Structure formats: structure tokens, C-alpha cells
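Chain order of the listed sequences is A, B and C.
At position 143 of the first sequence (counting the first as 1) the number is 143 in my numbering, and the numbers step up by one without a gap.
At position 46 of the second sequence (counting the first as 1) the number is 46 in my numbering, and the numbers step up by one without a gap.
At position 98 of the third sequence (counting the first as 1) the number is 98 in my numbering, and the numbers step up by one without a gap.
Treat the hints as calculated values from the structure; they're not laboratory data.
Among the hints, a few may not be true.
[Said to hold, decoys possible] Taking lysine-lysine pairs in the BS3-like style, the calculated list, with each CA pair at most 27 angstroms apart, reads: (1) A/Lys91 x A/Lys52; (2) C/Lys95 x C/Lys178; (3) C/Lys178 x C/Lys287; (4) C/Lys191 x C/Lys181; (5) C/Lys322 x A/Lys148; (6) C/Lys191 x A/Lys3; (7) B/Lys92 x C/Lys288; (8) C/Lys92 x C/Lys292; (9) B/Lys92 x C/Lys322; (10) A/Lys133 x C/Lys178; (11) C/Lys62 x A/Lys148; (12) A/Lys148 x C/Lys292; (13) C/Lys375 x A/Lys133; (14) A/Lys3 x C/Lys92; (15) C/Lys287 x A/Lys37; (16) B/Lys12 x B/Lys32; (17) C/Lys92 x C/Lys322; (18) A/Lys133 x B/Lys12; (19) B/Lys32 x B/Lys15; (20) C/Lys288 x A/Lys91; (21) A/Lys133 x C/Lys379; (22) C/Lys178 x C/Lys10; (23) A/Lys52 x A/Lys16; (24) C/Lys92 x C/Lys191; (25) C/Lys247 x C/Lys307; (26) C/Lys285 x C/Lys307; (27) A/Lys91 x C/Lys92; (28) C/Lys307 x C/Lys95; (29) C/Lys178 x C/Lys191; (30) C/Lys62 x C/Lys322; (31) A/Lys133 x A/Lys16; (32) C/Lys288 x C/Lys62; (33) A/Lys148 x C/Lys247; (34) A/Lys91 x C/Lys379; (35) A/Lys37 x A/Lys52; (36) A/Lys148 x A/Lys91; (37) C/Lys62 x A/Lys91; (38) C/Lys375 x C/Lys92; (39) B/Lys92 x A/Lys148.
None of these values were measured; they are calculated from a predicted model.
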Amino acid sequence: MEKPTIEEIINALSEKFGSGIFEWNREYDFHIATVDKQIWVQIFRFLYENEKFRFRYLTTLCGVHYPDAPQPFCLVGQVHSLEHNLRLRFKTFSNEHHVEFDSLTGVFPAANWMERETYDFYGYRFHGHPDLKRILNVDDMDYFPMRKEYPVEDRTRYDKDDTMFGRKRSDFDRKTLMEKK
Amino acid sequence: MSEIINNPSDIKVVKAPEGFEGPGFFATSLDKVVGMARKNSIWPLPFATSCCGIEFMATMASTYDLARFGSERLSFSPRQADLLMVMGTIAKKMGPVLRQVYEQMAEPRWVLSVGACASSGGIFDSYSVLQGIDHIIPVDVYVPGCPPRPEQIIDGIINIQDLIQNESLRRRNSPEYKQLLASYGIE
Amino acid sequence: MNPTIKQEEKHKDYTTLNLGPTHPATHGIFQNVLTMDGEIIVNSEPTIGYIHRAFEKLAEHKPFYQVTPLTDRMNYCSSPINNMGWHMTVEKLLKAELPPRVEYMRIVIMELARISDHIVCNSVIGVDTGAMTGFLYVFTWREFIYEIYEDICGARLTTNIGRIGGFERDFSEIVWRKIDKFLEEFPAQLKEFENLLMRNRIFMDRTIACGPISAERALAYSFSGPNLRAAGVDYDVRVMNPYSAYKEFDFDIPIGTQGDTYDRFMVRQEEMWQSMSIIRQALEKLKKLEDKTSFHADLPSFYLPPKEDVYNDMEALIYHFKIVMGETDVPKGEVYHCVEGGNGELGFYLISDGGRQPFRLHFRRPCFIYYQAYKEMIKGSYLSDAILTMSSMNVIAGELDA
Numbered sequence: 001m002e003k004p005t006i007e008e009i010i011n012a013l014s015e016k017f018g019s020g021i022f023e024w025n026r027e028y029d030f031h032i033a034t035v036d037k038q039i040w041v042q043i044f045r046f047l048y049e050n051e052k053f054r055f056r057y058l059t060t061l062c063g064v065h066y067p068d069a070p071q072p073f074c075l076v077g078q079v080h081s082l083e084h085n086l087r088l089r090f091k092t093f094s095n096e097h098h099v100e101f102d103s104l105t106g107v108f109p110a111a112n113w114m115e116r117e118t119y120d121f122y123g124y125r126f127h128g129h130p131d132l133k134r135i136l137n138v139d140d141m142d143y144f145p146m147r148k149e150y151p152v153e154d155r156t157r158y159d160k161d162d163t164m165f166g167r168k169r170s171d172f173d174r175k176t177l178m179e180k181k
Numbered sequence: 001m002s003e004i005i006n007n008p009s010d011i012k013v014v015k016a017p018e019g020f021e022g023p024g025f026f027a028t029s030l031d032k033v034v035g036m037a038r039k040n041s042i043w044p045l046p047f048a049t050s051c052c053g054i055e056f057m058a059t060m061a062s063t064y065d066l067a068r069f070g071s072e073r074l075s076f077s078p079r080q081a082d083l084l085m086v087m088g089t090i091a092k093k094m095g096p097v098l099r100q101v102y103e104q105m106a107e108p109r110w111v112l113s114v115g116a117c118a119s120s121g122g123i124f125d126s127y128s129v130l131q132g133i134d135h136i137i138p139v140d141v142y143v144p145g146c147p148p149r150p151e152q153i154i155d156g157i158i159n160i161q162d163l164i165q166n167e168s169l170r171r172r173n174s175p176e177y178k179q180l181l182a183s184y185g186i187e
Numbered sequence: 001m002n003p004t005i006k007q008e009e010k011h012k013d014y015t016t017l018n019l020g021p022t023h024p025a026t027h028g029i030f031q032n033v034l035t036m037d038g039e040i041i042v043n044s045e046p047t048i049g050y051i052h053r054a055f056e057k058l059a060e061h062k063p064f065y066q067v068t069p070l071t072d073r074m075n076y077c078s079s080p081i082n083n084m085g086w087h088m089t090v091e092k093l094l095k096a097e098l099p100p101r102v103e104y105m106r107i108v109i110m111e112l113a114r115i116s117d118h119i120v121c122n123s124v125i126g127v128d129t130g131a132m133t134g135f136l137y138v139f140t141w142r143e144f145i146y147e148i149y150e151d152i153c154g155a156r157l158t159t160n161i162g163r164i165g166g167f168e169r170d171f172s173e174i175v176w177r178k179i180d181k182f183l184e185e186f187p188a189q190l191k192e193f194e195n196l197l198m199r200n201r202i203f204m205d206r207t208i209a210c211g212p213i214s215a216e217r218a219l220a221y222s223f224s225g226p227n228l229r230a231a232g233v234d235y236d237v238r239v240m241n242p243y244s245a246y247k248e249f250d251f252d253i254p255i256g257t258q259g260d261t262y263d264r265f266m267v268r269q270e271e272m273w274q275s276m277s278i279i280r281q282a283l284e285k286l287k288k289l290e291d292k293t294s295f296h297a298d299l300p301s302f303y304l305p306p307k308e309d310v311y312n313d314m315e316a317l318i319y320h321f322k323i324v325m326g327e328t329d330v331p332k333g334e335v336y337h338c339v340e341g342g343n344g345e346l347g348f349y350l351i352s353d354g355g356r357q358p359f360r361l362h363f364r365r366p367c368f369i370y371y372q373a374y375k376e377m378i379k380g381s382y383l384s385d386a387i388l389t390m391s392s393m394n395v396i397a398g399e400l401d402a
């Protein structure tokens with residue numbers, strides 16, 4: 001099977017989706033497309049079903065949070081064509097209050113847990129996901145920890161004084177914690 | 001008794017506790033005998049969650065061989081175990097499970113906290129990790145290290161053995177012990 | 001061996017069995033709530049996250065060099081591969097060139113790590129089928145690999161081996177001697193281990209057709225590493241996207257046909273032999289190199305200067321301070337780098353905003369991705385086979401739960 005060039009793929013995609021693809025970038029060895037979230041699933045399905053390209057391996061899927069950007073919530077998906085050894089990365093953005101993307105589970109079964117993890121970390125909802133619930137954290141957690149506004153530290157530590165690094169002992173002593181409760 | 005101690009073969013036999021000895025009899029106090037017997041027949045329950053669990057595997061395997069210290073038999077059921085060995089990070093999701101396992105163990109029971117994560121949260125000062133298992137269950141011996149070497153785990157076991165040997169028979173009924181459990185909300 | 005697969009019927013009484021999270025046979029903390037028809041699994045509901053440690057969030061708050069200890073604790077059976085995967089990711093971001101000697105030294109360590117990873121997995125398959133002996137035999141050699149790590153970096157399991165740009169110090173004479181001894185004596189032991197299990201009728205009856213997965217399903221679930229190769233797909237990152245100096249090496253990629261437990265065992269077994277051949281080739285190449293001393297790249301703003309310079313030289317002291325405080329400049333950009341870890345494609349997706357910490361670091365953890373197929377793989381099989389399937393997939397809790 002002849003290996004398609006990256007230009008061929010880019011041309012085929014822009015022919016098919018036109019203005020749905022906002023831009024193509026190249027970062028190191030990767031070609032990255034920023035796409036409209038409306039075509040998120042179609043683009044992966046097109047690449048999957050295209051006999052010439054055969055992007056049939058979902059490498060990874062994750063969220064990114066850019067708190068200062070106009071569209072802070074980003075979803076990144078990466079596909080691999082094992083036959084041709086080509087890799088592509090797609091990004092889509094959203095600025096909604098309740099972030100919702102379409103689910104890739106219809107194309108790749110592997111997306112199931114990756115999307116659950118993304119939901120768990122960032123709170124993105126995936127439309128069409130069969131069983132969207134938290135996967136790594138406890139079910140009754142009331143926030144999405146990977147968003148930049150939440151701290152990494154455990155709130156129950158009272159023995160650390162990291163004033164130099166932005167954490168005061170008084171924030172974490174037992175009394176204050178109890179009062180907060 | 002004395003001929004057992006002076007066993008000519010190289011099989012090591014535990015030394016008898018202090019006592020009075022004469023022809024045909026040997027007298028000592030009960031808790032010394034009980035302590036000696038308990039000390040050398042600990043049934044540990046390995047509660048291995050992560051990296052320290054792999055070091056525990058090394059401790060059990062051929063090179064270090066924990067069986068030399070009377071802990072040959074691992075008890076995977078908490079109801080028959082004497083020693084709860086908590087090895088590895090305990091996430092907040094795991095906390096209730098650990099507590100339940102502890103509650104299922106029968107008295108007398110001891111807890112060995114192996115590794116930095118179990119003892120204090122270690123390098124994982126993060127929202128999802130319990131910052132030390134002593135927030136939810138009482139701990140007898142802490143073993144430092146990330147992960148501790150098998151020698152350190154064995155040292156922890158030896159420390160537990162000392163505690164077991166010297167423990168008074170009445171300790172578990174004492175008001176101090178009841179108070180300790182009550183402070184953790186365990187009945 | 002092959003019970004007929006039954007669909008869950010409405011009017012039948014099933015037993016619900018809770019397996020885990022602390023069950024000793026699950027090798028880690030996984031919970032599966034099984035619906036059982038007698039001894040046959042009709043359905044299962046896996047729960048994970050019992051050791052979620054927030055690696056990705058922690059990594060966003062640590063300077064680049066402090067991320068290495070986090071990677072140790074992912075797949076702790078083969079931590080050097082994780083460490084070096086991370087170092088190579090940063091080096092890719094910095095566009096750093098490494099001397100060939102460092103690359104070969106890395107390959108020696110990474111292949112040793114692969115062997116020690118596969119030793120655990122395969123000997124535990126033995127334990128789960130009831131053959132404890134093999135485990136005790138090969139673990140002696142695993143200890144020996146630990147000793148080699150120890151002589152290089154001082155730690156056994158969570159190694160934090162190497163630095164961004166190379167190794168912290170050159171290998172001592174003892175390390176080279178130990179590697180030679182390992183290559184000389186381990187093959188006999190491994191052969192003995194193979195003789196114990198490979199053509200053992202009981203072992204074969206127990207593992208053949210146990211927990212199979214087809215190549216199509218394996219790809220659909222994004223399997224990678226030995227589990228995918230056992231299903232018959234020859235995808236290996238070392239060949240597909242050669243990193244470090246793997247391009248110069250000649251080795252085979254073993255593949256299976258059925259994707260069952262036996263195939264996974266055999267693939268790992270053969271990979272150990274291949275790893276040994278790679279180490280031998282690397283040692284040959286090292287001998288031929290004229291360069292006998294360099295053990296790190298020239299990266300003054302990332303690689304710590306030698307201690308004696310720090311005490312005597314102003315510039316070295318400044319660099320030391322800057323590196324330790326993490327105040328070095330990093331280019332902006334995003335980079336994905338993957339290595340062939342013990343369990344498959346271990347990827348690091350790093351977004352850098354030029355600051356001292358990664359802006360976002362996502363780990364592609366092969367365990368997490370392929371463990372979701374477990375539900376499908378054990379459906380309709382016996383409970384005891386489900387345990388074997390899990391141990392042969394080498395699911396590592398630390399990697400799974402991030």
C-alpha cells in the first residue's frame with residue numbers, strides 16, 4: 001500500500017470539511033489541526049473509514065485547560081495510522097459553561113475510559129457516551145481537579161508551612177479547617 | 001529446656017524466656033510465654049497497593065525470605081491475621097476499604113505502615129491521597145523509605161515482634177487502649 | 001477450558017461476587033463486581049481509581065527534573081524506561097543532541113528494565129497457575145538487576161535513574177562487570193524457567209485459550225506492547241518510531257496468533273531473549289566507540305555541573321542554583337514522545353508555556369487504555385481464568401490509576 005503524504009491528507013480533509021478546520025500547525029514531528037467541535041467525530045470517522053489513510057488507532061485523548069484564553073477548554077485527540085506510521089493530533093476548543101463534546105466511542109471503543117477520565121479531570125461532558133461517570137476519583141467529589149483554579153495540595157495537611165511557596169500554615173491548621181467545616 | 005537451647009545442629013531455636021528451672025519443671029509468667037509464641041508466629045495480612053508491594057514481593061522471595069522470622073504464612077483473610085502490613089499509597093477512595101479491613105481483624109492486632117506514602121502521604125501531597133494512614137487507623141510501627149529496602153521491611157517486622165513480645169496480656173482491655181480506638185471511632 | 005458464553009438472562013438467578021479491591025489474586029487493587037452463573041462469569045463491572053495519586057496535577061507543579069520521580073512510580077516494575085522516556089521528552093523539547101555513548105548506555109538500562117518487568121509478569125503467571133518454583137528462581141536474577149541499578153543510581157525500585165541530558169555519573173567498573181555476569185548466567189536460569197513451564201502440559205492446558213482477544217478488538221481497544229503483539233500485530237515503538245539509538249540495532253519482534261494467556265507469556269519470554277541480544281549489541285557498540293568517557297550531553301542549563309566545580313567556580317554555582325530552583329528557560333511548544341515501556345506505548349504529551357513547570361503533562365498509560373477490554377475478555381470464562389487473564393495482561397495499578 002502506498003504511503004500517503006501529509007499534504008494529501010491535509011488536502012483531503014480540507015476538501016471534505018472546508019472551514020470546519022481552522023488551522024494546521026506543525027510542532028516538532030507532529031501535524032496538529034484545530035477543528036470546529038461540530039465536526040469532531042466526523043473527522044475521526046472520515047480518517048478511520050478512508051481506505052487510503054486508515055487512521056484506526058486512537059493513541060490518546062485528553063483535556064487541557066487554558067484559563068486565560070477566550071476558549072479555555074481544549075480537547076486533544078491523537079490518532080495513528082499503523083499501516084503507514086503516520087500520526088496526527090486534533091484539537092478542539094469550547095468556552096461553554098457546561099462543556100460538552102461529541103463522544104468518540106462510536107468510532108473507537110478505546111475512547112470510553114479516556115473520555116471518562118477527561119470528564120473526571122475537567123468536567124467535559126461527552127454527548128453519546130454510554131456510561132459517563134467518574135473513573136479515578138471518588139464518586140461524590142464535587143469539583144474537577146485538573147482545572148487550573150483548583151490546588152494540587154491536600155486540604156487536610158496542617159503540618160506544612162510553605163509560606164515561601166504560597167501556602168500558609170494558618171490556612172491548614174486544624175482549627176481553621178474545623179471552622180470551615 | 002536447656003538441651004533445646006543447646007541444640008547441636010544449626011537449626012535456630014527461640015530462646016526460652018526467663019524463669020525458674022529445676023529437674024522436670026520450668027516456671028515463668030504466662031504473658032512471657034504467650035508473647036514468645038505470638039512473636040514468632042505472626043500471620044501478616046499484606047495490604048499492598050503499589051511500589052512498596054513490589055519490594056514486599058522481594059522480601060517474601062528467595063533472597064530475603066521473610067519466612068525466617070516466623071511469618072511464612074500470609075493470611076489473606078483479615079479475620080485470621082495478626083498484623084496488617086499497609087504497603088503503598090492509600091488514596092482517599094481506598095481509605096474506607098482499609099478501615100473495614102482493620103475492623104475485620106480480631107484482637108490482638110498490630111499495624112505496620114510501610115513506606116513514606118502509607119506513613120505520611122510521601123511525595124503525593126495531592127487532593128486524592130490520604131496523608132498518612134494514621135488518620136484512619138492506629139499504627140504501631142512506621143517504616144520509612146520510598147520504597148523501603150527489604151532489610152528495612154524486615155527491621156519493621158522485628159520491631160513489631162518486640163512490641164508483641166513485651167505487650168502485657170491486659171493491654172487490649174485497658175482504658176487507654178479503648179480510648180485510643182474511640183479516638184478513631186472504632187468500637 | 002471453554003465454557004459456552006452465556007448472555008445474561010432475565011429470569012435466571014445469578015450470584016454477585018465482589019472481587020477486590022484487596023483480593024490477593026488481583027495483584028494490585030482492582031475491583032470487579034462479577035455476575036456469576038455458577039463458576040462462569042456472565043458480566044463484570046470494573047472499578048478503578050483506588051490508587052489515584054494525581055500524577056498529572058502534581059507534574060504541573062514541579063520543575064522538569066522533579067517530574068522524574070513521579071514517572072518512577074507509574075509502572076514501578078520498569079521504572080528506568082519511564083524515567084528515560086521523560087528525559088527524552090524534555091530533550092526533544094530542547095532539541096538536544098546526545099553523544100552516542102549515552103544512548104547505548106540508556107539502551108542497556110532500558111532493556112534490563114524490560115527484562116525485570118517481564119520476569120515479574122511471567123513468574124506471576126506461574127504462581128497463579130500454581131507453580132511457585134519458577135517465581136523463586138527468577139526473582140534471584142531480578143534482585144541482581146536491582147543491584148545493577150543500585151550501583152548506578154543508588155535505588156532499587158523507584159530508580160530516578162539518569163538526568164535530563166544523560167546520566168548523573170559514569171557507570172563504575174562494577175556495573176559493567178555485573179552486566180557481563182548477568183548476560184553470562186541469566187540465560188541458563190531463564191532456560192530452566194522455560195523448561196519448567198513452556199511445554200508443561202498442565203501449564204499449557206491452563207493458559208491456552210484463556211482470555212483470548214482478536215487482533216481487531218485489540219486494536220479497537222488501542223492495545224499496545226506485548227499484549228497487542230500476542231494478538232498478532234507487530235507494533236513496537238522501538239521499530240515504528242525508533243527513539244534513542246534503536247535504529248542501529250537488529251532484533252526480532254515476537255508475535256503471537258491467538259492473543260491468549262499462553263501467547264502473552266510466550267511473547268514476553270521471547271522479548272527477554274531479544275532484550276539480552278540488544279544489550280549484547282549495545283556492549284559491542286560501546287566497545288567500538290572511541291569515546292569512553294562522556295556520560296551526558298552538553299546542556300549547561302539542565303544538566304547539573306559536577307560538585308567540585310560548584311564549590312570552586314562561580315558560573316557552575318549559578319547554574320546549579322538555577323537548575324535546582326527550576327529557574328531555567330524552556331522553549332514554548334508541545335511535544336509528544338513515546339517509548340516502548342514494559343506494557344506498551346508509554347507516551348508523554350507535554351505542553352510547555354516557557355515556565356519552570358510543564359503547563360500540561362499527559363501520560364499515555366498503556367495499562368489504563370487496555371484494561372478496559374478486560375470486561376470483554378473475561379465474559380463467559382471461568383473465574384480462575386479471569387485471574388490468569390489479569391496477571392498475564394500485566395496490569396500495574398500505579399500506571400493504571402495515574
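Tested hints:
1. Proposed proximity of A/Lys91 and A/Lys52 is supported: the alpha carbons are some 23 angstroms apart, at most 27 angstroms.
2. A hinted pair counts as satisfied when its Cα atoms are at most 27 angstroms apart, and C/Lys95 with C/Lys178 does not qualify at roughly 33 angstroms.
3. Distance check on the hinted pair: C/Lys178 and C/Lys287 sit about 16 angstroms apart at the alpha-carbon level, within 27 angstroms; holds.
4. Under the criterion of a C-alpha separation no larger than 27 angstroms, the hint pairing C/Lys191 with C/Lys181 is consistent with the structure, at around 16 angstroms.
5. For the suggested pair C/Lys322 and A/Lys148, the alpha carbons sit about 26 angstroms apart, so the restraint of at most 27 angstroms is met.
6. Between the alpha carbons of C/Lys191 and A/Lys3 the distance comes to roughly 42 angstroms, so the proposed pair goes past 27 angstroms and is violated.
7. For the proposed pair B/Lys92 and C/Lys288, the alpha carbon gap of about 53 angstroms is over 27 angstroms, so the pair is violated.
8. For the hint pairing C/Lys92 with C/Lys292, the CA-to-CA distance comes to about 25 angstroms; that is within 27 angstroms, so the pair holds.
9. The straight-line distance between the Cα atoms of B/Lys92 and C/Lys322 is roughly 36 angstroms, outside the 27 angstroms bound, and the hint therefore fails.
10. Proximity of A/Lys133 to C/Lys178 is assessed by CA-CA distance (about 50 angstroms); at most 27 angstroms being required, the pair is judged violated.
11. At roughly 14 angstroms between alpha-carbon atoms, C/Lys62 and A/Lys148 fall within 27 angstroms of each other, so this suggested pair holds.
12. For the hint pairing A/Lys148 with C/Lys292, the CA-to-CA distance comes to about 47 angstroms; that exceeds 27 angstroms, so the pair is violated.
13. A distance of roughly 17 angstroms separates the Cα atoms of C/Lys375 and A/Lys133; the hinted pair therefore holds under the 27 angstroms criterion.
14. Restraint check for A/Lys3 and C/Lys92: the C-alpha separation of about 26 angstroms stays at or below 27 angstroms, so the hint holds.
15. For the hint linking C/Lys287 to A/Lys37, the alpha-carbon distance of about 55 angstroms lies beyond 27 angstroms, and the restraint is violated.
16. For the proposed pair B/Lys12 and B/Lys32, the alpha carbon gap of about 19 angstroms is at most 27 angstroms, so the pair holds.
17. A threshold of 27 angstroms between alpha carbons decides the hint, and for C/Lys92 with C/Lys322 the separation of about 21 angstroms falls inside it, so the pair holds.
18. Simply put, A/Lys133 and B/Lys12 have alpha-carbon atoms about 57 angstroms apart, too far for the 27 angstroms limit, and the pair is violated.
19. Taking the CA atoms of B/Lys32 and B/Lys15, the gap is about 12 angstroms. The hint holds against a cut of 27 angstroms.
20. For the proposed pair C/Lys288 and A/Lys91, the alpha carbon gap of about 46 angstroms is over 27 angstroms, so the pair is violated.
21. Restraint check for A/Lys133 and C/Lys379: the C-alpha separation of about 22 angstroms stays at or below 27 angstroms, so the hint holds.
22. Simply put, C/Lys178 and C/Lys10 have alpha-carbon atoms about 62 angstroms apart, too far for the 27 angstroms limit, and the pair is violated.
23. With a C-alpha separation of about 15 angstroms, the suggested pairing of A/Lys52 with A/Lys16 holds against the 27 angstroms cut-off.
24. Our distance criterion of 27 angstroms between C-alpha atoms is broken by C/Lys92 and C/Lys191, whose separation comes to about 39 angstroms.
25. The straight-line distance between the Cα atoms of C/Lys247 and C/Lys307 is roughly 35 angstroms, outside the 27 angstroms bound, and the hint therefore fails.
26. Between C/Lys285 and C/Lys307 the alpha-carbon distance is near 30 angstroms, which puts this suggested pair outside the 27 angstroms criterion.
27. Our distance criterion of 27 angstroms between C-alpha atoms is met by A/Lys91 and C/Lys92, whose separation comes to about 21 angstroms.
28. Simply put, C/Lys307 and C/Lys95 have alpha-carbon atoms about 26 angstroms apart, close enough for the 27 angstroms limit, and the pair holds.
29. Our distance criterion of 27 angstroms between C-alpha atoms is met by C/Lys178 and C/Lys191, whose separation comes to about 20 angstroms.
30. The straight-line distance between the Cα atoms of C/Lys62 and C/Lys322 is roughly 14 angstroms, inside the 27 angstroms bound, and the hint therefore holds.
31. A hinted pair counts as satisfied when its Cα atoms are at most 27 angstroms apart, and A/Lys133 with A/Lys16 does not qualify at roughly 34 angstroms.
32. Restraint check: the Cα-Cα separation between C/Lys288 and C/Lys62 comes to about 39 angstroms, which exceeds 27 angstroms; the hinted pair is violated.
33. At most 27 angstroms may separate the alpha-carbon atoms for a hinted pair to count; A/Lys148 and C/Lys247 exceed this at roughly 40 angstroms.
34. For the hint linking A/Lys91 to C/Lys379, the alpha-carbon distance of about 36 angstroms lies beyond 27 angstroms, and the restraint is violated.
35. Restraint check for A/Lys37 and A/Lys52: satisfied, since their Cα atoms lie roughly 25 angstroms apart, inside the 27 angstroms limit.
36. With a CA separation close to 19 angstroms, the supplied pair A/Lys148 and A/Lys91 stays within the 27 angstroms bound.
37. For a cut-off of 27 angstroms, the pair hint linking C/Lys62 to A/Lys91 stands: about 25 angstroms separates their Cα positions.
38. The hinted pair formed by C/Lys375 and C/Lys92 fails the criterion: a straight-line CA distance of about 37 angstroms is larger than 27 angstroms.
39. For the given pair, B/Lys92 sits about 21 angstroms from A/Lys148 by alpha-carbon distance, which is consistent with the 27 angstroms threshold.
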